[in-house]
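J.: Reassemble the complex: the two chains are provided individually, in unrelated frames, and hints are given to aid placement.
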Amino acid sequence: MTTDNSTIATGDEPPAQERVSREGATGNSRWPLYIAIIAIFVLFWVFGAINGKSTTTMLNLTVEGIMLGGILALGSVGLTLVYGVLKFSNFAHGDMMTIGAFVAFALMQVLPGYEAIGSFSFGWGLLLAMILAAPVVAALSLGVDFALFRPLRRRGASVVLLTMASLAAMFFLRSIIYLIWGADYHFYYQGRANPAMQLPFGITIQADKLFILVLALLMVGLVWVLLERTRMGKAMRATANNPDLAQVRGINTERVIQWTWIIAGSLAALGGVMYGLASQVRPEMGFVLLLPLFAGTILGGIGSPVGAFIGAMIIGVAFQLSSAFIDPTYGPGVAFMLMILVLIVRPMGLFTMGGD
Amino acid sequence: MPLLEVNGITAGYGDSEILRDVSMTVEAGEIVSIIGPNGAGKSTLMKSVFGLLHPKTGSIRFDGHDITHREPYQIVELGMCYVPQVANVFTELTVEENLEMGAFLLREASLEDRKARIYDLFPRLKERRRQRAGKMSGGERQMVAMGAALMLDPKLVLMDEPSAGLSPVMVSMIFERIAEINRNDGPAMLIVEQNAKLSLAMSSRGYVLAAGENRFEGTGPGLLNDPEVGRLYLGG
Numbered sequence: 255m256t257t258d259n260s261t262i263a264t265g266d267e268p269p270a271q272e273r274v275s276r277e278g279a280t281g282n283s284r285w286p287l288y289i290a291i292i293a294i295f296v297l298f299w300v301f302g303a304i305n306g307k308s309t310t311t312m313l314n315l316t317v318e319g320i321m322l323g324g325i326l327a328l329g330s331v332g333l334t335l336v337y338g339v340l341k342f343s344n345f346a347h348g349d350m351m352t353i354g355a356f357v358a359f360a361l362m363q364v365l366p367g368y369e370a371i372g373s374f375s376f377g378w379g380l381l382l383a384m385i386l387a388a389p390v391v392a393a394l395s396l397g398v399d400f401a402l403f404r405p406l407r408r409r410g411a412s413v414v415l416l417t418m419a420s421l422a423a424m425f426f427l428r429s430i431i432y433l434i435w436g437a438d439y440h441f442y443y444q445g446r447a448n449p450a451m452q453l454p455f456g457i458t459i460q461a462d463k464l465f466i467l468v469l470a471l472l473m474v475g476l477v478w479v480l481l482e483r484t485r486m487g488k489a490m491r492a493t494a495n496n497p498d499l500a501q502v503r504g505i506n507t508e509r510v511i512q513w514t515w516i517i518a519g520s521l522a523a524l525g526g527v528m529y530g531l532a533s534q535v536r537p538e539m540g541f542v543l544l545l546p547l548f549a550g551t552i553l554g555g556i557g558s559p560v561g562a563f564i565g566a567m568i569i570g571v572a573f574q575l576s577s578a579f580i581d582p583t584y585g586p587g588v589a590f591m592l593m594i595l596v597l598i599v600r601p602m603g604l605f606t607m608g609g610d
Numbered sequence: 320m321p322l323l324e325v326n327g328i329t330a331g332y333g334d335s336e337i338l339r340d341v342s343m344t345v346e347a348g349e350i351v352s353i354i355g356p357n358g359a360g361k362s363t364l365m366k367s368v369f370g371l372l373h374p375k376t377g378s379i380r381f382d383g384h385d386i387t388h389r390e391p392y393q394i395v396e397l398g399m400c401y402v403p404q405v406a407n408v409f410t411e412l413t414v415e416e417n418l419e420m421g422a423f424l425l426r427e428a429s430l431e432d433r434k435a436r437i438y439d440l441f442p443r444l445k446e447r448r449r450q451r452a453g454k455m456s457g458g459e460r461q462m463v464a465m466g467a468a469l470m471l472d473p474k475l476v477l478m479d480e481p482s483a484g485l486s487p488v489m490v491s492m493i494f495e496r497i498a499e500i501n502r503n504d505g506p507a508m509l510i511v512e513q514n515a516k517l518s519l520a521m522s523s524r525g526y527v528l529a530a531g532e533n534r535f536e537g538t539g540p541g542l543l544n545d546p547e548v549g550r551l552y553l554g555g
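Note that the protein sequences, when read in sequence, are chains R and G.
First residue of the first sequence: 255, per the working numbering; consecutive thereafter.
First residue of the second sequence: 320, per the working numbering; consecutive thereafter.
In isolation and in its complexed conformation, chain G is listed as follows (with noise of 0.2 Å):
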């Protein structure tokens, strides 16, 4: 059984039908990219797994439990973290503190080991542990956001578009520390990515959305290598 299975979805804002009768699945430690031209309902998909929209049909499964209309905090308790690509830390907590939001749903005493695993991955967050979130730069900003959503151990994490106006350093420090974390029994990793190949490349599995609805599937090298999506969606 996948881990997570999103079955026929359809869903939207209001009378607006953005995604039609899309499904998708993720295994265990899994990283499944999905990509499309903007406006493909990549970023609807992902707030409809994640509980931030619920659809008008179909249904959405995770670890054996139906989701499709449970509220996001009992999403997260489930064992699924979400890293959005705007406005992804609290601006006026410290970095330490954004972390300990990240698990907030754990009432244990201290945090310290899980916070310490988070500072590890990301050595520069421990310097800057006590500064406020908001005076960082993107990619800092992208680390706290990325080390909150690891603090509850998640078996799924969900990523918008992790990329999104880093530069290119940045960018391939980024990734490399998404497959560092996917590594070893890490959680499974499904990637919502305007840099289609660099994101397919690192993939087990991708999926391509178009027009909201299901266009293409298959392997990571896969989908870069078919002639079709590389001419439709990956720039030739």
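Chain R with its partners taken away, still in its complex shape (with noise of 0.2 Å):
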């Protein structure tokens, strides 16, 4: 990631069929849009302050929306990672993540540990639940490539097609999400109080929410390290970047693509259980959490980690701010508004990773 947009001009002509660069196209800064985003939620703030809403109100809309964003990035840096690699929008996703919460919630059943930690409302069977539930949902993303998409690349399927069948995917995915667990909500600890903490400048924030917030930091870090410093992440980024170039190299790219679901399932499974922790289990999770991920996603640059979770970010603490002066019902649209402003600014996102 570098903020470095001046091309390096030397001696020797550029080939015939050389492109510029994404960042180039524009030759702008990504500043002025940073400033941008700062400047609109801090007219949501006057905007709350108009509709009668105190600092302190304010203060912590934002520290929920931060907490949001935790939720949203757990699944939009996996939902940026399959694009990135397979360059399709995976509309499954979001109920990937439904069944990783649903998952963990049946395992929650058997498992001991069902008193809470400190000051948390779960206790260690919700995190073993939640770990184990990480490679069932991993397994069953590598299930459907394996049914559906792989035999829709093999024959050279275009972008739309993969992108239909991962709608088509979703609604399969929800039907099964019926069929065992039925229409019903469910909570990981029903009736469980859930204190909220009382930090300075009267910031209340119960302290199942700083976790969601660890550990998506915690993931995405680790999503950063791997793509970075390992072979396996570095092959994942170059087949982003040129797949064809990939293979050329040796690269084996059914590998890399293996191993993006694999992430991306894990990551979805945390997410969905953090999100049912935060609100409840039902069918729906996955699917209300959809846009606002795709959103997220679109805004921190497609195939761009990084982008992913400032993305959602943004996504989350918009959606918050907003229901200050307006029904938290419109929250997606301020959501998609943001997204929209910034990509007529910056087509291609915050961040990006790949394209060629």
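It should be emphasised that the hints constitute simulated quantities derived from the structure, not laboratory data.
Heads up, the beta-carbon is just placed ideally off N, CA and C, and yes, glycines get one too.
Misleading hints may appear alongside valid ones.
[What the hints assert, rightly or not] Not the full set, but computed from the structure, chain R residues with beta-carbon under 10 Å of chain G:
1) A492
2) N496
3) L499
4) T507
T.: Spelled out as structure tokens, the structure:
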């Protein structure tokens, strides 16, 4: 990730087919955009104040937004990796999160560790269930890829077709959820108190939500290290950047795709469990998240995990802050307005990975 | 037994046949050029050899293995590397990462020795090893692409139009490097080149392809001095 936008000019001519890099195409820095986003948030604060909301309320909404951003980030990082490597928008990603939440719910019924840990509302059982749900969802992602996307890839299916296939997978997975668990709402901990902690500046926050944020940061950091430092991670970036050349270099791109699904599926499971903890476990939960997930992913620059994290944070905060002056039902509208504004200024999003 | 043996292959995309019954060989350590007019099927021949396109008939053997139906990553494993003409570097990766991807198949803990050898060959790359390949000039990209292909110490390197789009100074520099890499038990080279005179001058043998078929073959100097080849394909 560089902020340097100058193209290095040297004596020899570029090849005839050379394309201007996407950053070079606009030639502008990201800073005006960052400032614009901050300005929009300040504006939201002002709207909130006009609507009679106190600074403490606004501060708390911001903190809530960051926590929501953490949940979104766990989903959007996987979504962006799949997009980067496989080049299509995976509509089934939200339902992968739902399945993660339900699998953990099922596992918790048989696992010990129900008692709450410290100030958290959850016990060891939930953490264990979450860790076990990750490989289950990863395996399911691999299975869907094997049965659906791989045959399409082999036949050279277009991106549109793959996207539509993911839409089909989304409905299929949702049906399975209804089939196994029904349409009911579930809580990981029915009726358990989840008192908020008092922090300086009048910020009140539930310990659970702090945990969600730390987990999201940890996972995004882990993905970053994987992509930047490991052999397979670099091969993932290489494949995202230029799949044909990746094959030429001896990279087994099918293996890369499998790792992509494993990471995306595992993160989706964690995100689903965390969302289930913060609200409730229900069949539509992943679908509700899907649009904000796309917004965050696109905002951050499709294919960039760091971008997906920051995009998720921006969307989360915009969601919560806007609820100070308009009905929360319109939250998605506000988030998408923000996304469109960013894309008008910087069509490639805040960050980019891949694409040659 | 030749290192590479292409035996009467017919290949193309879909129903079209771009190559018809093309045969050729490359011996270990040789430089072999394929020349011919645009659309003669030179790049298609390269892609068929490297498994990016599977021939409909005929066979391809490399170093004692039948590779006719193998995938590129399996062919790389046998010691053949390919430098495509365009999009031949990972633009989003640094120079160093590009080299590392060239040795993806090795599970060695350290690639430092191999990278050092490439940096000796192209000192410019060492200076710029932390730079993203997409921000480099055409000549530098060609160096990155060649360096990445050499990371595995291949037995045969396929080069598709190494001089395309480069300035004359860069072209002679790249060709000097190709000769240097080939010397002293270096890999054999199979080069497809528009700049036929330059390419044949350094080749031990050459093939002329026209309309997807073998037209002429001979030693590099032999083809250069052949009046008919000169008139038809070397611009007089």
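J.: With reference to the structure, classify each hint as holding or not holding.
T.: Hints versus structure:
With 10 Å as the threshold, the beta carbon of A492 of chain R comes within range of chain G, its nearest partner Cβ sitting at about 5 Å, so the hint holds. Evaluation of the N496 of chain R hint against chain G yields a held restraint, the C-beta minimum of about 6 Å falling below 10 Å. At its closest, the beta carbon of L499 of chain R sits 6 Å from a beta carbon of chain G; the interface hint therefore holds under the 10 Å criterion. Hint status for T507 of chain R: holds, given a least beta-carbon distance of 8 Å to chain G, under 10 Å.
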